[in-house]
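Participant: So you can see what is in the structure, the chains are spelled out below.
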Amino acid sequence: MKHVLNEIRHNPLLWLLAFVPVVLAVEKLKPEAHTLLFVLSVCAIVPLAALLSHATESVAAKTGDAVGGLLNATLGNLTELVIALTALRAGEYMLVKASIAGAIVTNTLFMLGASFLLGGLKHHVQEYNRISARMQAGLLVLATVALSIPSAVSRADAVGGAAFSQKLSVGLAVLLIAAYGLSMLFSLKTHRELFVAAESGEAGEAPWPVGVAMAALAGVTVLVALVSEVFVESVQKAAEVFGMSPAFVGFIVVALVGGAAEMASAFSGARKNRLDLSVGIALGSASQIALFVAPLLVLASYVIGPTPMGLQFWPGAVVMILIATFSVAFVTNSGRSAWFVGVLLLMVYLVFAMTLYLLPPQGN
Amino acid sequence: MKHVLNEIRHNPLLWLLAFVPVVLAVEKLKPEAHTLLFVLSVCAIVPLAALLSHATESVAAKTGDAVGGLLNATLGNLTELVIALTALRAGEYMLVKASIAGAIVTNTLFMLGASFLLGGLKHHVQEYNRISARMQAGLLVLATVALSIPSAVSRADAVGGAAFSQKLSVGLAVLLIAAYGLSMLFSLKTHRELFVAAESGEAGEAPWPVGVAMAALAGVTVLVALVSEVFVESVQKAAEVFGMSPAFVGFIVVALVGGAAEMASAFSGARKNRLDLSVGIALGSASQIALFVAPLLVLASYVIGPTPMGLQFWPGAVVMILIATFSVAFVTNSGRSAWFVGVLLLMVYLVFAMTLYLLPPQGN
Amino acid sequence: MKHVLNEIRHNPLLWLLAFVPVVLAVEKLKPEAHTLLFVLSVCAIVPLAALLSHATESVAAKTGDAVGGLLNATLGNLTELVIALTALRAGEYMLVKASIAGAIVTNTLFMLGASFLLGGLKHHVQEYNRISARMQAGLLVLATVALSIPSAVSRADAVGGAAFSQKLSVGLAVLLIAAYGLSMLFSLKTHRELFVAAESGEAGEAPWPVGVAMAALAGVTVLVALVSEVFVESVQKAAEVFGMSPAFVGFIVVALVGGAAEMASAFSGARKNRLDLSVGIALGSASQIALFVAPLLVLASYVIGPTPMGLQFWPGAVVMILIATFSVAFVTNSGRSAWFVGVLLLMVYLVFAMTLYLLPPQGN
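Just so you know, the protein sequences line up as chains A, B and C, in that order. Its first residue numbered 1, the first sequence is counted upward by one per residue in the numbering used here. Its first residue numbered 1, the second sequence is counted upward by one per residue in the numbering used here. Its first residue numbered 1, the third sequence is counted upward by one per residue in the numbering used here.
Treat the hints with caution; some may be incorrect.
[Claimed, not checked] Computed Cβ-Cβ distance ranges for the label pairs, DEER-style:
(1) C:T190 / A:A18: 38 to 44 angstroms
(2) C:A264 / B:G91: 34 to 40 angstroms
(3) C:L299 / B:F164: 52 to 58 angstroms
(4) A:T307 / C:F164: 51 to 57 angstroms
(5) A:L29 / C:I304: 45 to 51 angstroms
(6) B:G243 / C:P306: 58 to 64 angstroms
(7) C:V222 / B:F164: 40 to 46 angstroms
It should be emphasised that the hints constitute simulated quantities derived from the structure, not laboratory data. Because the structure is a prediction, the values reported are computed rather than measured. Glycine included, every Cβ here is placed at the ideal spot set by N, Cα and C.
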């Protein structure tokens with residue numbers, strides 16, 4: 001407990017934890033204050049995500065490399081997963097899918113673009129390990145291709161058979177999770193030396209004792225789940241008040257909130273001229289969502305959702321995912337970066353954000 | 001003849017040749033046993049393809065480099081060509097187009113993916129000639145772009161004028177064949193040193209005398225044509241029995257059957273850590289189909305088909321072709337491979353295969 | 001004046017300047033001779049573009065590097081800009097958009113392809129600066145992605161709200177121009193060493209005195225504007241006579257005419273084995289159109305156009321732009337070229353040109 005309090009004292013971001021009890025209290029007292037609840041829940045999720053991330057790393061650091069790497073990789077997007085599961089249970093499939101697509105796009109374009117920009121403002125030209133970046137970009141490209149092609153194919157041929165969609169989605173989910181398992185075998189066991197730079201980068205902060213970390217992991221996950229419920233319930237109404245389309249909220253707001261902790265690590269790595277770390281977090285997190293979180297949600301929808309959810313995305317989302325991952329693969333291919341590369345990635349992100357923001361609300 | 005028999009004795013794959021007389025006999029005796037005929041014709045085509053491949057190489061080895069390379073390049077996909085011509089004469093345009101698209105996708109994703117996987121299980125990281133791989137991937141990408149863009153453009157703009165489609169298809173076919181001629185001039189004459197590794201790789205097996213090889217070439221081609229006829233006639237009915245969509249049969253089954261011999265060479269090269277050979281066969285074969293086989297079939301449809309066949313593919317096929325070639329170009333760009341890269345290529349292939357398998361049958 | 005006359009005497013291309021008075025005279029005397037006016041105006045624009053290009057370089061060479069580079073970059077596509085502004089004022093939005101898309105496709109595929117081909121016929125394998133080429137290709141890819149994604153997204157989702165389109169287009173235009181400003185800061189100020197090869201390449205010809213150059217710049221711009229007016233008025237009718245679709249005229253004819261001067265520089269660089277120059281001109285010019293000319297025209301439409309013009313392109317154009325820039329990014333990635341690479345780029349261009357030529361005329 002002392003460790004957690006110590007951490008909180010030294011990390012201003014964690015002072016936002018004060019919002020956790022506030023949001024839960026307000027939810028009890030004024031459940032109809034949607035806009036307030038939305039703002040409060042965003043403020044509460046950000047520090048919880050940071051704590052979750054630190055707890056995961058502490059457990060990972062203690063349990064030995066193989067199990068630790070596994071844990072780190074599996075729980076890395078826990079915040080996103082909990083938010084999405086909450087939305088899934090509420091039957092908000094549009095929000096779930098937007099948050100999956102948004103997390104991939106935000107991790108690649110925004111997280112990487114801002115890392116390049118922030119790093120480039122301090123360092124003239126930054127170099128990073130091309131071989132490792134290429135390997136990771138390869139995983140990411142093929143993962144998102146596997147994820148998005150079925151939408152493209154079924155959309156393009158306008159075959160809307162619900163039975164077809166469902167069978168295909170389940171089959172793909174199983175395939176993607178199998179590929180995810182193999183990717184962990186690859187990056188943690190058989191070819192771990194290729195991914196070393198990115199892993200070792202996290203060692204900066206002192207880890208917690210494993211008991212504290214495990215308890216924190218459990219407790220914080222519960223808190224995230226509670227706050228996520230408030231967030232998911234309030235987000236639609238709040239979006240209307242702020243004049244935001246549901247697509248914008250899912251794509252941009254949820255992705256930025258859920259990824260806040262990882263972004264902090266990626267940006268700090270870039271400032272310290274350790275771009276391998278930033279590239280590893282951005283690409284690794286994005287491929288984890290495509291290969292693990294998305295298919296898990298499809299399978300989970302059979303258990304906890306009101307109806308089965310498929311893997312089909314709306315065509316604009318597929319286009320954005322493919323453009324984002326191909327752009328990033330292209331950019332990271334050179335192993336060099338300068339500030340303007342970051343500007344261009346951010347510009348593409350801004351284009352997407354602007355398009356989604358202006359998009360008139362509609363069915364789907 | 002002795003050489004051919006000797007070859008047959010030492011190559012277990014060729015024992016399947018016994019199925020050739022069987023399939024022709026069954027076709028005479030029980031022409032309505034479609035499922036049986038389908039299975040038998042698949043078993044018969046595989047060893048014929050292997051013989052054809054060996055005969056072509058033997059002729060090529062004897063006639064000097066320029067003519068030999070020409071022959072090798074032109075006849076490399078003879079099995080696919082004969083099957084497609086048979087389907088063309090029968091007016092099965094859906095099958096023809098699916099087999100063209102399928103051959104490109106199968107050669108790139110499956111042949112290359114399995115080569116990377118098989119090679120990677122034996123060797124930790126495999127390196128191959130980046131410059132040659134890039135040049136070949138470049139040819140392939142631009143070849144498939146040239147092939148598939150017209151579909152994209154005309155589809156996207158929904159201009160379905162039949163006259164427009166026909167004129168465009170013929171013009172494109174002439175253009176693609178001209179490009180194919182230039183590509184041979186490039187790879188066999190002006191810049192042959194770039195393609196050396198892939199060419200020399202075939203030298204492992206003892207070639208036949210040229211007379212034997214020429215006779216085998218002629219004889220086996222006739223046999224392939226005869227068996228193809230049975231195959232094309234039985235495939236539709238058999239597909240129904242096995243619950244396979246016509247798209248799946250054309251895309252996956254025909255491509256795997258027609259490419260069996262080349263796959264054997266590519267896989268054996270990968271196991272021997274000669275990935276240049278595997279990459280050369282996979283990319284070379286795919287671009288040959290795009291630049292030579294496909295346009296030749298369009299032109300041939302005016303002579304032997306019931307109606308002219310265009311170059312338009314259905315949108316899903318175009319998406320698959322582009323994704324497959326861009327993925328392969330991206331992957332081969334690094335000149336390095338490990339087993340998981342193969343897994344990812346195979347996974348994309350499986351995603352395509354699963355989508356096609358589940359696709360409800362429809363018009364087109 | 002002596003300098004300009006001297007230049008004209010030694011450059012046969014400039015003898016075409018004789019067509020400038022001819023076209024203006026014919027326009028007064030026989031305003032209904034559309035075909036003649038079209039041919040004459042094409043003949044007149046080509047030498048004017050060459051003069052404009054030389055005048056810009058001369059001013060740039062005198063005013064010091066930063067301002068000069070700025071001028072050179074801003075005025076590099078002045079011919080295209082004046083033609084497009086004339087078409088904009090006439091309300092020919094189809095022509096404006098086709099000429100934007102066409103300039104990007106022509107600069108990348110035709111200008112670069114012909115440079116590779118012409119250079120490759122003289123030199124076996126040509127090498128150029130990969131790092132600089134990659135950086136420029138990166139700018140281009142992200143620029144065209146930013147330009148074309150909104151069309152893809154709004155098209156795909158079939159949200160045709162005019163208000164949405166207009167707001168989005170204006171927002172994007174501002175964003176793109178901001179990115180263009182930053183790209184100049186990047187390439188002329190903070191990271192100019194990366195772009196040096198391409199800049200220094202122009203130094204071959206003796207610059208004019210700055211006064212002469214400024215006067216020429218002003219005078220020639222007026223002439224281009226006058227001739228463009230004739231061109232835009234006559235092009236539609238002439239296209240009908242020659243059996244060309246409006247899409248073909250905008251995409252191919254206007255782009256080739258407007259880029260004639262730059263092409264001459266790029267081809268001559270390739271022949272002298274200075275491919276860095278050719279790649280720099282082709283990619284730089286294309287990204288300038290995407291980042292600066294296109295958004296400027298959108299904003300200008302609010303001032304001089306009959307109605308506001310959006311950034312939406314028809315789907316086929318978006319596909320062509322993306323294919324063209326991704327192909328070029330892929331090809332330039334290796335830093336090596338041979339003649340057949342040029343053939344393939346030209347082939348893709350020919351495929352596009354043929355498709356557009358055969359396209360039946362329609363609305364839009």
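Participant: Indicate, hint by hint, whether the structure satisfies it.
Facilitator: Hints versus structure:
1. C:T190 / A:A18: 38 to 44 angstroms: 42 angstroms Cβ-Cβ, so the 38 to 44 angstroms window holds.
2. C:A264 / B:G91: 34 to 40 angstroms: Between A264 of chain C and G91 of chain B, where Cβ atoms are some 51 angstroms apart, the hint is violated.
3. C:L299 / B:F164: 52 to 58 angstroms: violated (36 angstroms)
4. A:T307 / C:F164: 51 to 57 angstroms: 31 angstroms Cβ-Cβ, so the 51 to 57 angstroms window is violated.
5. A:L29 / C:I304: 45 to 51 angstroms: Taking Cβ atoms as reference, L29 of chain A and I304 of chain C lie about 58 angstroms apart, which means the hint is violated.
6. B:G243 / C:P306: 58 to 64 angstroms: Check passed, 59 angstroms falls within 58 to 64 angstroms.
7. C:V222 / B:F164: 40 to 46 angstroms: holds (42 angstroms)
In this structure, the hints that do not hold are numbers 2, 3, 4 and 5, in rising order.
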